[in-house]
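Chemist: Here are the chains, one letter per residue:
Number of protein chains: 2
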Amino acid sequence: LHEENLHEFRRHYLEHHPYDQARLFILLSAKEREMLYQYLSPGEMAEIFENIEEEEHPYETYLAEMNPSFAADMFAEMYTDDAVDVLNELDKAQAASYLSLMNKKAASEIRELLHYEESTAGSIMTTEFITISAQQNVGAAMEILKAEAPDAETIYYIYVTDGDKKLAGVVSLRDLIISSDHTLISDIMNERVYSVSVADDQEDVARRMRDYNFLALPVVDFQQHILGIITVDDIVDVIDEEASEDYSRLAAVPDVDTADRGPFSAAKKRLPWLIILLFLGMLTASLIGRFEATLEQVAILAVFIPLIAGMAGNTGTQALAVAVRRIALGDTTEEKKSKILLKEAGTGLITGTICGIVVTITVFIWHGQIFLGLLVGISIFATLTVATVAGAFIPLLMHKFNIDPAVASGPFITTINDIISVLIYFGMATMFMQYLL
Amino acid sequence: LHEENLHEFRRHYLEHHPYDQARLFILLSAKEREMLYQYLSPGEMAEIFENIEEEEHPYETYLAEMNPSFAADMFAEMYTDDAVDVLNELDKAQAASYLSLMNKKAASEIRELLHYEESTAGSIMTTEFITISAQQNVGAAMEILKAEAPDAETIYYIYVTDGDKKLAGVVSLRDLIISSDHTLISDIMNERVYSVSVADDQEDVARRMRDYNFLALPVVDFQQHILGIITVDDIVDVIDEEASEDYSRLAAVPDVDTADRGPFSAAKKRLPWLIILLFLGMLTASLIGRFEATLEQVAILAVFIPLIAGMAGNTGTQALAVAVRRIALGDTTEEKKSKILLKEAGTGLITGTICGIVVTITVFIWHGQIFLGLLVGISIFATLTVATVAGAFIPLLMHKFNIDPAVASGPFITTINDIISVLIYFGMATMFMQYLL
Numbered sequence: 001l002h003e004e005n006l007h008e009f010r011r012h013y014l015e016h017h018p019y020d021q022a023r024l025f026i027l028l029s030a031k032e033r034e035m036l037y038q039y040l041s042p043g044e045m046a047e048i049f050e051n052i053e054e055e056e057h058p059y060e061t062y063l064a065e066m067n068p069s070f071a072a073d074m075f076a077e078m079y080t081d082d083a084v085d086v087l088n089e090l091d092k093a094q095a096a097s098y099l100s101l102m103n104k105k106a107a108s109e110i111r112e113l114l115h116y117e118e119s120t121a122g123s124i125m126t127t128e129f130i131t132i133s134a135q136q137n138v139g140a141a142m143e144i145l146k147a148e149a150p151d152a153e154t155i156y157y158i159y160v161t162d163g164d165k166k167l168a169g170v171v172s173l174r175d176l177i178i179s180s181d182h183t184l185i186s187d188i189m190n191e192r193v194y195s196v197s198v199a200d201d202q203e204d205v206a207r208r209m210r211d212y213n214f215l216a217l218p219v220v221d222f223q224q225h226i227l228g229i230i231t232v233d234d235i236v237d238v239i240d241e242e243a244s245e246d247y248s249r250l251a252a253v254p255d256v257d258t259a260d261r262g263p264f265s266a267a268k269k270r271l272p273w274l275i276i277l278l279f280l281g282m283l284t285a286s287l288i289g290r291f292e293a294t295l296e297q298v299a300i301l302a303v304f305i306p307l308i309a310g311m312a313g314n315t316g317t318q319a320l321a322v323a324v325r326r327i328a329l330g331d332t333t334e335e336k337k338s339k340i341l342l343k344e345a346g347t348g349l350i351t352g353t354i355c356g357i358v359v360t361i362t363v364f365i366w367h368g369q370i371f372l373g374l375l376v377g378i379s380i381f382a383t384l385t386v387a388t389v390a391g392a393f394i395p396l397l398m399h400k401f402n403i404d405p406a407v408a409s410g411p412f413i414t415t416i417n418d419i420i421s422v423l424i425y426f427g428m429a430t431m432f433m434q435y436l437l
Numbered sequence: 001l002h003e004e005n006l007h008e009f010r011r012h013y014l015e016h017h018p019y020d021q022a023r024l025f026i027l028l029s030a031k032e033r034e035m036l037y038q039y040l041s042p043g044e045m046a047e048i049f050e051n052i053e054e055e056e057h058p059y060e061t062y063l064a065e066m067n068p069s070f071a072a073d074m075f076a077e078m079y080t081d082d083a084v085d086v087l088n089e090l091d092k093a094q095a096a097s098y099l100s101l102m103n104k105k106a107a108s109e110i111r112e113l114l115h116y117e118e119s120t121a122g123s124i125m126t127t128e129f130i131t132i133s134a135q136q137n138v139g140a141a142m143e144i145l146k147a148e149a150p151d152a153e154t155i156y157y158i159y160v161t162d163g164d165k166k167l168a169g170v171v172s173l174r175d176l177i178i179s180s181d182h183t184l185i186s187d188i189m190n191e192r193v194y195s196v197s198v199a200d201d202q203e204d205v206a207r208r209m210r211d212y213n214f215l216a217l218p219v220v221d222f223q224q225h226i227l228g229i230i231t232v233d234d235i236v237d238v239i240d241e242e243a244s245e246d247y248s249r250l251a252a253v254p255d256v257d258t259a260d261r262g263p264f265s266a267a268k269k270r271l272p273w274l275i276i277l278l279f280l281g282m283l284t285a286s287l288i289g290r291f292e293a294t295l296e297q298v299a300i301l302a303v304f305i306p307l308i309a310g311m312a313g314n315t316g317t318q319a320l321a322v323a324v325r326r327i328a329l330g331d332t333t334e335e336k337k338s339k340i341l342l343k344e345a346g347t348g349l350i351t352g353t354i355c356g357i358v359v360t361i362t363v364f365i366w367h368g369q370i371f372l373g374l375l376v377g378i379s380i381f382a383t384l385t386v387a388t389v390a391g392a393f394i395p396l397l398m399h400k401f402n403i404d405p406a407v408a409s410g411p412f413i414t415t416i417n418d419i420i421s422v423l424i425y426f427g428m429a430t431m432f433m434q435y436l437l
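Those protein sequence lines, which keep their order, are chains A and B.
Be aware that the first sequence starts at 1, since it is given in my numbering, and climbs by one per residue.
Be aware that the second sequence starts at 1, since it is given in my numbering, and climbs by one per residue.
Do not take every clue at face value.
Note that identical chains are pooled: a pair holds if it fits in a single copy or bridges any two copies.
[Claimed, not checked] 25 Å max Cα-Cα, derived SDA-like pairs, lysine to any residue:
1) Lys339 - Ser265
2) Lys165 - Asp181
3) Lys268 - Leu329
4) Lys337 - Glu54
5) Lys104 - Glu44
6) Lys336 - Asn51
7) Lys339 - Met189
8) Lys269 - Ile378
9) Lys268 - Tyr79
10) Lys268 - Val358
11) Lys339 - Trp273
For the record, the hints were derived by calculation from the structure and aren't laboratory data.
The structure displayed is predicted, hence computed values, not measured ones.
Produce the complete structure using the sequences and hints provided.
Modeler: Following this line, the structure appears as structure tokens:
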């Protein structure tokens, strides 16, 4: 690059896969990048840009370095869905100014996709798909394919439309290849074509694509007009994204995968949850405060608070994780929900009984007080049973009220179960005080 | 089905996508399934079987109902990777007996794949791929393609081998279609072909496929001989599987996605972790026991135990989740690890300071004791700082010793942080006792 040997450099650099080109690109200095913008065409730069993630490197830095009309041309050359992803990260005025510099057709395609709500099929679809008519024959279809292959995102499925541009069927390239040139498309097309609606949730689209092993799915409006396609590589990203979202929420971190730019931004993200949990913790503290008289008489009771509260938190987190996944996998009918709750109640009873017996024996051996052992043991039994059910019940209830159950994070459930466990433990201790003194 | 109208039924049923056929199949009664085995060919049954998951419905039930030679033919017709998946779930003697009933070629291909270790590229690859020689022309390649299309798992990448059967390049069907029949493969093939080794971890393969947006990747031995291919639909399953593994571990549930057959099997799976955590909790209890004298003098100290231990657990879980994901994403150099730790230390200091101040003020207002407020506030500050660092340090340490950091589940870190927080809190309380009395 530095030797300014343009041809040699272009040949070497462009030989790499666009993903590797992008990895190299982000390692360059600002000065080197500016040289690169001179050397490459907007189309070549577009391929690189498609392989950069906003989380790793803010797009704005790079866009600010480019000549605005070069950037606009680059957006026009990108697959529409990728261009939309980048433009969505910019502020509206900036995105609009790039759109105004673009050729009309590309700009209007991008503008349409910008309207769709986040996480819907519309927001991840692209418009570079191939359609043919059912009356054409295989030879004609192959000609269309050859002409459109350089621009289309996938050429492996070709969608068949009727006179009204409505989706009527699908042919795979596999079908075209094994048929003779004179066969009519209508004779080989599959009329049972699976499609998704623009407003469908991306998670549902991902699930369907995974179950059916499709490489692409057409996206239609409510009148069955084809608007775009979603390809499997986008779905891989969606699955990744949704999984890390669930993971983040279980741990009560807003977004585990965004590279934090430093401790301040990380602290800023985590503090809201921590402050909420802090006040829930204060509530627990004030509940124990009501049992101060009990505590002053039998100080040893305090020794087992973390054990009981901790076990309630652990079993609650387990039940929570199972319930959240079951909901994500689609077990959302009332019948299935009752089944989950019943099963968790059973599981809580069994684990509670066993842990309760273990604790009773251990405390008895350790302190030699059978009543203390029984108190702690029975508390563990009751706490585990209730906490297990609560761990499953809270996300199921949230789902019923259309709150994403994944926001019921592990720490939240743990804190709720702290409260439950403290009430059970001190309630029992106060009741059976005479045996402990 | 019941009307025994064979042709009508076959036509209706087979018109559906194999995934839907499988969904219907599992709803049938044993008697209906037995009729179905009569009506369908082993090849048709194979497509259905490829779409059934062991976790939902044990394969054995269905296999036991089939005539063994029908089952063997079905395995021979399945894609090798899918057949291997099913056979791996059976016991060895049973798998061997099916293999002995199969034709030699299919049996030997399956046997080879059965040898690869779980979670490696070898264990998920399939052998239905298409190779051509670099000296052939596009027309000849298309002929091969047409002949092999019905059996191959993907026809969208064709791998080019040299005389020794070594991988030399790749051509996509897209390249073939836009080239004239007389072009030599060697002129259009891409020599920069990406491949993975049989022993590579499936997670690495998935990451690479996602980054490069490939639809398939060839699998080679150490001499670059092509052994199989991995297609994107298998990778979608791998990503799903690995994500739910991380999720399960964060919650300390062995496997969140396996449908538990009842509360007993669920309890059996969760109890080992709960018992370990129970004894760790006992350790916490015995530590507090050492401060019984302090507790007897100032019973109100007990009130804040769950608050402090809980906050330590919460912040530790957040730091843990971030560290585990960073490791999973490949931030594993010593330098990056130190950076993660430093950042978490900074985050812990900031969140600790803010939560500490909030707690001090709240406790002061509530109890009117400034020393108690300061004690709890400073404990929260110290605990949060240490717990955040511990939450990141423990998984990083585990990774250093080649233990999967994901086993450091949320409940485990929470319990470790309970111990740390109790030591800090009671240590400080004992030291500054005179101000509290």
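Chemist: Please go over all the hints and tell whether each is borne out by the structure.
Modeler: Going through the hints against the structure:
no.: 1; hint: Lys339 - Ser265; verdict: between (42 Å within a copy, 15 Å between copies)
no.: 2; hint: Lys165 - Asp181; verdict: within (24 Å within a copy, 33 Å between copies)
no.: 3; hint: Lys268 - Leu329; verdict: between (32 Å within a copy, 23 Å between copies)
no.: 4; hint: Lys337 - Glu54; verdict: between (38 Å within a copy, 22 Å between copies)
no.: 5; hint: Lys104 - Glu44; verdict: within (21 Å within a copy, 50 Å between copies)
no.: 6; hint: Lys336 - Asn51; verdict: between (42 Å within a copy, 23 Å between copies)
no.: 7; hint: Lys339 - Met189; verdict: neither (43 Å within a copy, 56 Å between copies)
no.: 8; hint: Lys269 - Ile378; verdict: between (39 Å within a copy, 22 Å between copies)
no.: 9; hint: Lys268 - Tyr79; verdict: neither (35 Å within a copy, 50 Å between copies)
no.: 10; hint: Lys268 - Val358; verdict: between (42 Å within a copy, 15 Å between copies)
no.: 11; hint: Lys339 - Trp273; verdict: between (31 Å within a copy, 24 Å between copies)
Checked against the numbered hints above, the structure violates hints 7 and 9; every other hint is satisfied.
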